[in-house]
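As given, the protein sequences belong to chains A and B, one line each in that order.
First residue of the first sequence? That's 1 in full-length UniProt numbering, and the numbers climb one at a time after it.
First residue of the second sequence? That's 1 in full-length UniProt numbering, and the numbers climb one at a time after it.
It is possible that part of the hints are untrue.
What the hints assert, rightly or not - Some chain A residues near chain B, calculated using beta-carbon distances under 7 Å:
no., residue
1, Glu244
2, Thr373
3, Thr377
4, Ala400
5, Gln403
Stated by the list, open to error - Label-pair distances were calculated between CB atoms; the ranges are:
no., chain 1, residue 1, chain 2, residue 2, range
6, A, Lys52, B, Arg106, 31 to 41 Å
7, B, Leu154, A, Glu236, 46 to 56 Å
8, B, Val152, A, Lys348, 56 to 66 Å
9, B, Thr116, A, Ala94, 52 to 62 Å
10, B, Arg110, A, Pro219, 53 to 63 Å
Just so you know, these hints were derived from the structure itself, not from any lab.
Note that beta-carbon positions come from the ideal geometry of N, C-alpha and C, so glycine has one too.
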Amino acid sequence: MTLNRRMFMGATAAAMAAPMVLADGHGKPRVVVIGGGAGGATAARYIAKDSKGAVDVTLIEPTRTYYTCFFSNLYLGGFKQMSDLGHSYGGLAANGVNVVHDWAVGVDRDTKTVTLAGGASIKYDKLILSPGIDFVDMSVPGWDITTQNAMPHAYKAGSQTELLKAQLMAMPEGGVFAMVAPPNPYRCPPGPYERISMVAHYLKNNNPTAKIIVADPKPKFSKMGLFKEGWSNHYEGMVDWIGEDFGGGNVSVDASAMTVTIDGEETKVDVCNVIPAMKAGRIADIAGVTDGNWAPVNAADMSTKADPDVYVLGDASQQGDMPKSGFSANSQAKVCANAVRGALTGSKVFPAKFSNTCWSLIAADDGVKVGATYEATPDKIAKVDGFISQTGESADVRKATYQESEGWYSGITADMLG
Amino acid sequence: MMRYSWLLSTVAAALLGSPATADEFGDPEAGAKVYSQCKGCHQVGAGATHRIGPHLNGLFGRPAAGLEDFKYSKSFQRAGASGLEWHAETLDAFLENPRSYASGTRMSYRGLKDETDRKNVIAYLRTFSDDPANIPEADPTATPTDHDIDPVILAIQGDPEYGEYLSSECTTCHQASGGDDGIPSIVYWPEDEFVVAMHAYKNKQRKHPVMQMIAGRLNEEEIAALAAYFKNLDN
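In isolation and in its complexed conformation, chain A is listed as follows (with noise of 0.2 Å):
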């Protein structure tokens, strides 16, 4: 057979009007993600099943089991139990997702290849890291991950979590509580307010004449109207907030001799709760997709501005008006997993919808919510419309939105985990 120029026009054709598949003389499309929080185990859950077997997932997860941030607090509150916050890979793995428990310590960008600390190496053809955060060394002078047993971040569940509700019950009578809140931006806005509510409610009821004190480098913070109404109506005179106006960012510890130093001056406290400030999970800075703390994104795809194969989800990403939050970083999820399926099996790629809300307890049956729809635009994701609960509700619409939120846990966890 001869091969004129038309055959060949017309096989060049169909073979750009096929989709991409990056076989690379290998047989099926590889994506390996890094990280199995909400970002990643989501992206991982979705492309296995919706692709059917066609794309080889792997994910790679140093722990066994995953303790969810979120809901974290209402154990330091006392209505969920650690055992309530851990959940197992084992749902991943059945739906044919190869976890790998292993820290990824090198990415190599031009071979494509992820290394691990156990040695092994991974090729890759789509790469998405949803790595969560990191602490910037020394943004809270006197605290580093040396005193963080002294004085606990609890800002990654597990462990610390435990650390702290274990010294928050050990506090003296009329002992005090502090906080070092964190700057924007950081995971979980409401996070550390949800937090200061909790510690209160148990501080109520086991040792009502502590108190709270809160340094915070903001002038205000998400739900702040909520959260200050829920403190009056059920921690009177127990949470004094210390914002920016009144040297909130002014603040250094010293884990030794159990000091906070807020504008100068000097308080001995019992716990100290220290949330520094955030940045992108370290491998997101090993890849190379960091661009100062944190990874910027193409808002369509998630995919970095530095890389078109690699994509960053969640808290480690920049990408515009989304709060960091395990809601988002499921959202985020999604639309990436359409993209990256979309690119390697030719599965048709639907427009980017993302959207988030987040809910908050301030005390027993006191659930508070906001939340909001976002959309792609070339700078960035952008927000569409949003909500946010009203102070003065009554008792039945914060009852109806606490227990709205564990039927958001028990769906967020099954949509992630399978």
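Chain A is fixed; fit chain B onto it per the hints.
Using the frame of chain A, we list chain B on its own:
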């Protein structure tokens, strides 16, 4: 809110020169006859008590699921907590198609399709609520509303593949397994009911703020696609 919107729409109608004629309000006497369909389960009037359904005295202005001594369906407890109150407009929508309006209601009544019958029975029920019917601040006996979904919208054939993608936004809260731990199940819904419910959120007839927001940006094709997908969800 309902009263207010009624007042506003009445004022608007007056300004536009379309007179509020008497026949926009129902006839309580005719409504008494229509009510015979209801009285097997609902008592109304002096000495009325709960039967299979709650009594209907003082219904206007009452929050849904608002009587403490009656055990309501979860669906109505949620609707009440989300701010649903009984007024002519909400009763009209509910009576037209109870399950579309409150998916999990235990009221096993298929709905009152005739608009005049609905107006009349609402006018009848109105006589058992306290506010005088003829002062502006009170509930109207009935307001003409058109909350029917355009048959063209109901006839849209949804694309289940698009629906599957869109459904991933739903399954963050509504479990694909159909489980309900505080957020209702939405699997295996008849397509029509799904479409009517989503448009009721989109048009803010149903109160829930999250659902108003989510439905608010879905277009007609997208709602049809979701309905087509959830109808057949089999996992």
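Evaluated hints:
no.: 1; hint: Glu244; in the structure: violated (30 Å)
no.: 2; hint: Thr373; in the structure: holds (6 Å)
no.: 3; hint: Thr377; in the structure: violated (14 Å)
no.: 4; hint: Ala400; in the structure: holds (3 Å)
no.: 5; hint: Gln403; in the structure: holds (4 Å)
no.: 6; hint: A:Lys52 / B:Arg106: 31 to 41 Å; in the structure: holds (40 Å)
no.: 7; hint: B:Leu154 / A:Glu236: 46 to 56 Å; in the structure: holds (54 Å)
no.: 8; hint: B:Val152 / A:Lys348: 56 to 66 Å; in the structure: violated (26 Å)
no.: 9; hint: B:Thr116 / A:Ala94: 52 to 62 Å; in the structure: holds (57 Å)
no.: 10; hint: B:Arg110 / A:Pro219: 53 to 63 Å; in the structure: holds (57 Å)
Going through the hint list in order, the structure does not satisfy hints 1, 3 and 8.
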